[in-house]
Amino acid sequence: MGSSTLKLGRATRDAYGDALLELGASRPEVVVLDADLAKSTRTGKFQQAHPERFVDVGICEANMVGVAAGLAAAGKTVFCSSFGSFLLCKAFDQMRMAVAYPGENVKFVGSHGGITLGEDGASQMSVEDFALALGLPGCVVVHPADEVSAKELILQVAAQPGPAYVRVGREKAPLLYADASGVKLGQARVLREGTDVGLVACGMLLGPSLEAAELLAAEGVQAAVVDVHTLRPLDTATIARVAEATGALVVSEEHLTTAGLGAVVAQATASTCPVPMEFVGLSGYAESGAPDQLLAKYHLTTADVLAAARKVLARKR
Amino acid sequence: MKKLSPSECAAQCKVIRRHIIEMLCAAGSGHPGGSLSATELVTAIYFHFLNQDPAQPEAPDRDRFILSKGHGVPVQYACMAERGYFPVSELATLRKIDSRLQGHPVKGALPGIEASTGALGQGLSIACGHALAGQLDGAAFRVYCLLGDGEINEGQVWEAALFAAHRRLDNLIAIVDANALQLDGRCTEILNIEPLAAKWTAFGWHVIELDGHDLPAIYAALEEALAHRGQPTCLVARTVKGKGVSFMENQVEWHGVAPTAEQARQALAEIG
Ligand SMILES: Cc1ncc(C[n+]2csc(CCOP(=O)(O)OP(=O)(O)O)c2C)c(N)n1
Ligand SMILES: [Mg+2]
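From first to last, the protein sequence lines are chains A and B. Per the working numbering, the first sequence starts with residue 1, numbered consecutively. Per the working numbering, the second sequence starts with residue 1001, numbered consecutively.
Chain A extracted, bound-state conformation (with noise of 0.2 angstroms):
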């Protein structure tokens, strides 16, 4: 899905999997929860491993949450995870007045982020959850594209202490990252150098991103393609240098566009270099239907961030 040209990795929530079982094997104070949703998030994997520190608390998120507060508290490193829209939208004053506030050991996966997860419909798709973690002050908010940044970032956010939301996926993602290396917690990452505009993107929307390029390149259009994995603590750094280099920048995210990716981007540049900008993403709710299909209905694609940056380039001249 997403990109044509580039290779079909895993979904997200494998490397999760992956990860966690990384984690459990060298860390014994890592204890991983979850709200009936093993199965489909994968910490049902660490379940399988080491049962002793995994626990299936029912269909209970908040109580799930404060749980981890507990837990974090007392010496443990807490992962925690359900749908993300499940995990932020039924724990979110859990998640700020046990953990945010207090800053302790939590990390939260929610995985099924997005509409990608297609055919279940807009209940159980997050398009608010990046708004709703950066609403909960000093936690770090990741969105990795593929299995093989998400692994990495995952095993990276479990190295620091504090409060953390990491967004993954239920679809195969595209593979951008032939290995971890490289690969930093708060370094967006640019995948593709370029001086006529800015493609800056998350997680499902970086294939699309780097296809709009190639299409510009053809028509001499110089297009950089910048992965910004890492929302908060956003690298306003490497963003500032893109927008100075290029003048033009197109963000775009599987996510509100009111209150996500866009949203820190276009504050960032506003302090630092203003550029015109346009916004991919999505503007309200979504419905069920094949993921594919969703992406077209919803202005996810390819076409839609060409279009974007056509915009973008018209407002530059």
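There may be inaccurate statements among the hints.
Stated by the list, open to error - Here are the simulated EDC-like cross-link-like pairs (lysine to aspartate or glutamate), alpha carbons at most 20 angstroms apart as the crow flies:
1. A/K297 with B/D1098
2. A/K39 with B/E1189
3. B/K1096 with A/D292
For the record, the hints were derived by calculation from the structure and aren't laboratory data.
Once you have looked at the hints, place chain B with the ligands on chain A.
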């Protein structure tokens, strides 16, 4: 509408089960287990108890049916189609793009859907709101709300249970589809919710425990609930997840996967 007798309803249930299998197979995803466990309960409501005109599903005096366990919506769609809310042919659009038959119920997408559910735990509160409005207005309508036994892990359900009893919402009937399974496993292993009847009683509800596939028992329980004054009623309906399809019965694996064409053929042969 013509109210079906329990024996007529049993025949109707076969038709509903067939639709469930066929629509999930066509969709290629969805939740058979919890649709099949609730078939007698939902069919009895739609074909005997629910005072609702399919042509006017928004009439203010209608009875309400709120599917709190939203993933079970295929059984509701099947009943609605058979009752004439929309053409039976539309069932084949379940979960497809642009369809009114969303993977979980969406209010506004399809007339007759009272609440958007699918994030578990919210339906009973919305049902309480409808019941409270009925009480405030002195209206005669009744509110039916179907919940899952895993779903009622959610704390909000128990807030709603307290509220309904405190407000003496005797126009409200909660039905727990107690099929003993949730997504990751058996309820007793994930988060024990028993003893269910004692819990609802302790929360101030009139409780009737019954076999949720026994239509005469369902009819009798719903009649009793309608007659009961001063308290909301909860039906603790003991059911079998995947009921009617041998290879799905009591199998947690059949919570959320659709049958293949071959499996659907087998299932339809068993249902008859
Ligand atoms: C808030 C929330 N958490 C998790 C889920 C994922 N989920 C969907 S169905 C289900 C299990 C429900 O079990 P139960 O209520 O017993 O339903 P049934 O057995 O009738 O299918 C879960 C955990 C969800 N839909 N909503
Ligand atoms: Mg159940």
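Here is what the structure says about each hint:
no. : hint                : in the structure
1   : A/K297 with B/D1098 : holds (10 angstroms)
2   : A/K39 with B/E1189  : holds (15 angstroms)
3   : B/K1096 with A/D292 : holds (12 angstroms)
The structure is consistent with each of the numbered hints, conforming to all of them.
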